[in-house]
Structures are given as C-alpha cells and as structure tokens.
Amino acid sequence: MDDKELVLQVQAGEQDAFAELVRRNHAWVLGLCAATLSDRSAADDAAQEVFLKAYKSLPQFKGGSSFSTWLHRIASNHCLDLLRSRSRRKTESWDELLEKEGEHVHRLLAAPPDEGRSREDADLVQRVLACLPPDYQLVLTLREVQGLSYDEIAAAMGCSLDSVKARLQRARRDFTERLRHFLEPLSV
Amino acid sequence: MRDPETDEKLWTRIAAAFLRAPSRPSSLETEAFVSKVMARLERPAEAPWSSAGLRWLVPAVSFALAVSGLLIARPDPRFTPPEDVVLLAEGSGAVPQVGMPSTDELVAMVMERE
Numbered sequence: 001m002d003d004k005e006l007v008l009q010v011q012a013g014e015q016d017a018f019a020e021l022v023r024r025n026h027a028w029v030l031g032l033c034a035a036t037l038s039d040r041s042a043a044d045d046a047a048q049e050v051f052l053k054a055y056k057s058l059p060q061f062k063g064g065s066s067f068s069t070w071l072h073r074i075a076s077n078h079c080l081d082l083l084r085s086r087s088r089r090k091t092e093s094w095d096e097l098l099e100k101e102g103e104h105v106h107r108l109l110a111a112p113p114d115e116g117r118s119r120e121d122a123d124l125v126q127r128v129l130a131c132l133p134p135d136y137q138l139v140l141t142l143r144e145v146q147g148l149s150y151d152e153i154a155a156a157m158g159c160s161l162d163s164v165k166a167r168l169q170r171a172r173r174d175f176t177e178r179l180r181h182f183l184e185p186l187s188v
Numbered sequence: 001m002r003d004p005e006t007d008e009k010l011w012t013r014i015a016a017a018f019l020r021a022p023s024r025p026s027s028l029e030t031e032a033f034v035s036k037v038m039a040r041l042e043r044p045a046e047a048p049w050s051s052a053g054l055r056w057l058v059p060a061v062s063f064a065l066a067v068s069g070l071l072i073a074r075p076d077p078r079f080t081p082p083e084d085v086v087l088l089a090e091g092s093g094a095v096p097q098v099g100m101p102s103t104d105e106l107v108a109m110v111m112e113r114e
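In order, the protein sequences belong to chains Z and Y.
Just so you know, we're using my numbering here: the first sequence kicks off at 1 and counts up by one.
Just so you know, we're using my numbering here: the second sequence kicks off at 1 and counts up by one.
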C-alpha cells in the first residue's frame with residue numbers, strides 16, 4: 001500500500017494507518033532532527049512533535065505533493081524554529097569557540113572521513129554548526145546530510161529553486177571561509 | 001582569485017567532518033518510536049481540571065458560587081421597618097415586610113378596621 005492510500009485511510013478515521021506512515025518516515029525525520037539538534041534525546045522529542053503536527057494537519061492535506069515532501073516541509077519548519085530559538089539563547093561566539101577548541105577542530109578536519117566519532121567530537125560538531133545562521137544550517141543539512149535534490153529542498157523550505165541555490169552557495173562559502181585557515185595547510 | 005576546484009576540495013573535507021549522516025535507527029528503535037507517537041495520538045484530550053491536582057477545583061468553585069448566590073439573594077439584615085409601622089401593625093396582625101404598602105396606606109387600613 002502506498003503513502004497516498006494510507007493518508008486516505010487516516011483521513012477516513014483509521015488511526016492505525018498513521019502508524020505505518022510513521023514507521024516508513026521515521027529514519028529520515030529523526031536523521032534531520034539529529035543533524036540539526038545536539039543530542040539524540042532532543043532529536044527524538046523533536047521527531048515526535050513533527051509527526052504529531054503532521055497528524056493534526058492531515059485533514060487539510062489535499063495530496064498536491066507527495067506525503068514525504070509535505071512531511072519534509074513540516075519537519076524543516078519545526079527544525080528551523082528550534083534552531084532559531086537555540087540561536088537566540090547561544091552565548092558562544094565563533095572566535096571564542098576557535099580559541100578554546102581550535103586544535104580539536106583541526107583534528108576533525110584532518111581525520112579520515114570514515115573515522116569513528118567520540119562524544120566530544122559530536123558535541124564539537126554541534127557547537128561549530130550552531131555558529132552558522134539557522135537557515136544555513138538547515139539548507140546544508142537537507143543537502144549534505146539528507147541528500148535532497150534542489151527541487152526537494154525548495155519544496156521543503158517553501159522557496160524557489162534559485163533561492164535554494166543561492167542560499168546553499170552562501171552557506172558553503174560562509175562555512176568554508178570560517179575554516180579556511182585550518183584547511184589550507186591540509187590541502188598543501 | 002580563488003580556485004573553484006580548490007574550494008570544492010575544501011568543501012568536501014568540511015562536509016565529511018561536520019555534515020555526516022547520523023546512524024540509522026534500528027527496527028526496534030523505530031517500533032518503540034511508533035508506539036510513543038501512537039500513544040500520544042490516542043490519549044484523549046483532557047480538560048485542564050480533570051487532572052488529579054485540580055480535581056478539587058470543581059466542587060470548590062460550585063460551593064463558592066452557591067454561597068455568593070445566597071448572600072446576594074438574602075435581604076439586608078440591617079433594614080428595620082420604621083417604629084410607627086411596627087406599632088400600627090401590632091394590633092392588626094399584619095407583618096411589616098419590605099415591599100409592603102407605605103405607612104399612609106397601613107394607617108388607612110387600620111383605621112378602616114377600627
């Protein structure tokens with residue numbers, strides 16, 4: 001049974017059909033939340049909220065897009081709200097972070113891509129990402145972590161294709177500039 | 001002038017270090033997650049006063065409303081009818097009450113009986 005049929009069943013009052021929609025989409029919703037939030041527990045709570053919001057809004061879902069595209073939109077908006085709220089509370093600046101953790105950042109960049117991560121590494125990754133503007137974090141996560149196409153990102157973020165390309169380019173440039181002086185010795 | 005190829009290499013390294021996909025949840029984790037979400041859907045919407053902590057509120061508010069109603073409806077105990085009305089009413093068996101006829105009307109009634 002495809003997502004469309006399951007959606008129709010939920011809309012007809014068959015709540016159990018929603019369990020299958022949750023099951024099918026859990027991994028990527030949790031992945032998006034985990035990539036944008038600091039810990040797995042917070043990501044799990046956020047993922048639950050995404051599905052609860054989707055369930056409440058399902059009566060209004062007309063099927064103009066696929067269920068997963070619609071869910072990406074809900075999940076992206078929810079993560080962006082959480083990132084903005086975290087960004088308002090953030091106290092550590094980029095310069096402070098580099099002063100304290102410059103060596104560690106350098107080690108992460110020099111490590112082979114498939115090397116395992118310690119808890120401290122994962123924590124540092126989140127602190128580094130938290131220094132980027134929330135919409136840069138989201139667009140980079142959707143593209144690099146979730147592997148969405150530009151079209152899918154545009155649908156998830158509710159903006160045009162050109163806007164996605166421009167935002168992604170600015171986000172990459174910003175992140176590269178922040179880390180350039182760590183990277184250039186590595187690339188020689 | 002920056003070399004786009006170098007920038008692309010730098011970006012690949014950044015993405016590998018900071019934008020890795022998290023590990024996929026196991027099927028057991030997914031089933032536990034589905035149960036949690038479904039349990040939250042199935043929970044009936046509770047009225048705020050139905051929780052144990054506020055259960056006393058309904059009778060307390062009802063009692064307070066009933067007492068207020070009685071206080072408002074009860075006549076003012078400080079009101080006493082004028083003395084002449086009481087005296088005039090004594091012989092006739094009439095009971096002076098609030099809302100009774102005026103003094104003049106009572107006098108007229110007593111005189112009539114006499």
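Derived from the structure by calculation, the hints contain no laboratory data.
Mixed in with the good hints there might be a few duds.
Calculated lysine-lysine pairs in the DSS-like style (CA-CA distance at most 27 Å, straight line) [as the list claims (entries may be wrong)]:
(1) Z:Lys90 to Z:Lys100
(2) Z:Lys4 to Z:Lys53
(3) Y:Lys36 to Z:Lys53
(4) Z:Lys56 to Z:Lys90
(5) Y:Lys36 to Z:Lys4
(6) Z:Lys62 to Z:Lys4
(7) Y:Lys36 to Z:Lys56
(8) Y:Lys36 to Z:Lys165
Outcome of the hint check:
1. Z:Lys90 to Z:Lys100: holds (16 Å)
2. Z:Lys4 to Z:Lys53: holds (18 Å)
3. Y:Lys36 to Z:Lys53: With a Cα-Cα distance of about 14 Å, the restraint between Lys36 of chain Y and Lys53 of chain Z holds, given a limit of 27 Å.
4. Z:Lys56 to Z:Lys90: violated (31 Å)
5. Y:Lys36 to Z:Lys4: Cα-Cα ~23 Å, so holds.
6. Z:Lys62 to Z:Lys4: Roughly 10 Å between the alpha carbons, so the hint for Lys62 of chain Z and Lys4 of chain Z holds.
7. Y:Lys36 to Z:Lys56: holds (16 Å)
8. Y:Lys36 to Z:Lys165: violated (37 Å)
In summary, the structure is inconsistent with hints 4, 8 from the numbered list given earlier, while agreeing with the others.
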